[in-house]
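Going line by line, the protein sequences match chains L and R.
So for the first sequence, our numbering puts the first residue at 1; every next one is plus one.
So for the second sequence, our numbering puts the first residue at 1; every next one is plus one.
No lab work stands behind these hints: they were computed from the structure.
There are no misleading hints in this set.
Here are the computed lysine-lysine pairs in the DSSO-like style, where the Cα-Cα straight-line distance is at most 30 Å: (1) LYS42/R to LYS78/L; (2) LYS11/L to LYS42/R; (3) LYS71/L to LYS42/R; (4) LYS78/L to LYS97/R; (5) LYS42/R to LYS16/L; (6) LYS97/R to LYS71/L; (7) LYS97/R to LYS62/L; (8) LYS97/R to LYS11/L; (9) LYS42/R to LYS15/L; (10) LYS78/L to LYS16/L.
A quick note: this is a predicted structure, and the numbers were derived from the prediction, not measured.
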Amino acid sequence: EAGVVQSPRYKIIEKKQPVAFWCNPISGHNTLYWYLQNLGQGPELLIRYENEEAVDDSQLPKDRFSAERLKGVDSTLKIQPAELGDSAVYLCASSTTSGTQYFGPGTRLTVL
Amino acid sequence: GESVGLHLPTLSVQEGDNSIINCAYSNSASDYFIWYKQESGKGPQFIIDIRSNMDKRQGQRVTVLLNKTVKHLSLQIAATQPGDSAVYFCAERWYQKVTFGIGTKLQVIP
Chain L
1 EAGVVQSPRY KIIEKKQPVA FWCNPISGHN TLYWYLQNLG QGPELLIRYE NEEAVDDSQL
61 PKDRFSAERL KGVDSTLKIQ PAELGDSAVY LCASSTTSGT QYFGPGTRLT VL
Chain R
1 GESVGLHLPT LSVQEGDNSI INCAYSNSAS DYFIWYKQES GKGPQFIIDI RSNMDKRQGQ
61 RVTVLLNKTV KHLSLQIAAT QPGDSAVYFC AERWYQKVTF GIGTKLQVIP
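Start from the sequences and build out the full structure, keeping to the hints where you can.
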């Protein structure tokens, strides 16, 4: 069974440019999470979806970050415009309701 | 606020020895505690979890101990192997919200 798929794996952009990350969760997992991970730290939740509904986006900086999961499967996380401090690894995870979270490999973003 | 933290940022262990990674938590309402392993360039990988009403759970070469009295969690790895080298995160779950600690880097000395 395929795990959580994320793309791209690496992205380098200039500050003020937009960037988007894509995630395909494990088949059958209705819950999808986006996390931000800074070097040497644990992942921090940005947003959690139950099917297509964002049920927890309290930690998402809504002035520049947006996310969508239109059909309740794939999801996209966008940053516009990117700032230097956004350089980090963006992780996607999925789970069944109340189940264990399984993580993708992440997208390493570098903002110059 | 609630937080999860680790006592030791780096742990060096001789190959074949047992490893013990410790973690302190503060949210007594958490229902699950989880250990993840993260290798360089990869996402966190689930190792083992334990419900809050248990004090010990064993997996393959790993054991998690939960002491709710002192809000302490530990991961024991038996016969540590080079492939165990990674960063280990403890995490707590409360109403599907998982909060991660900082992480402990385990270095296995051949």
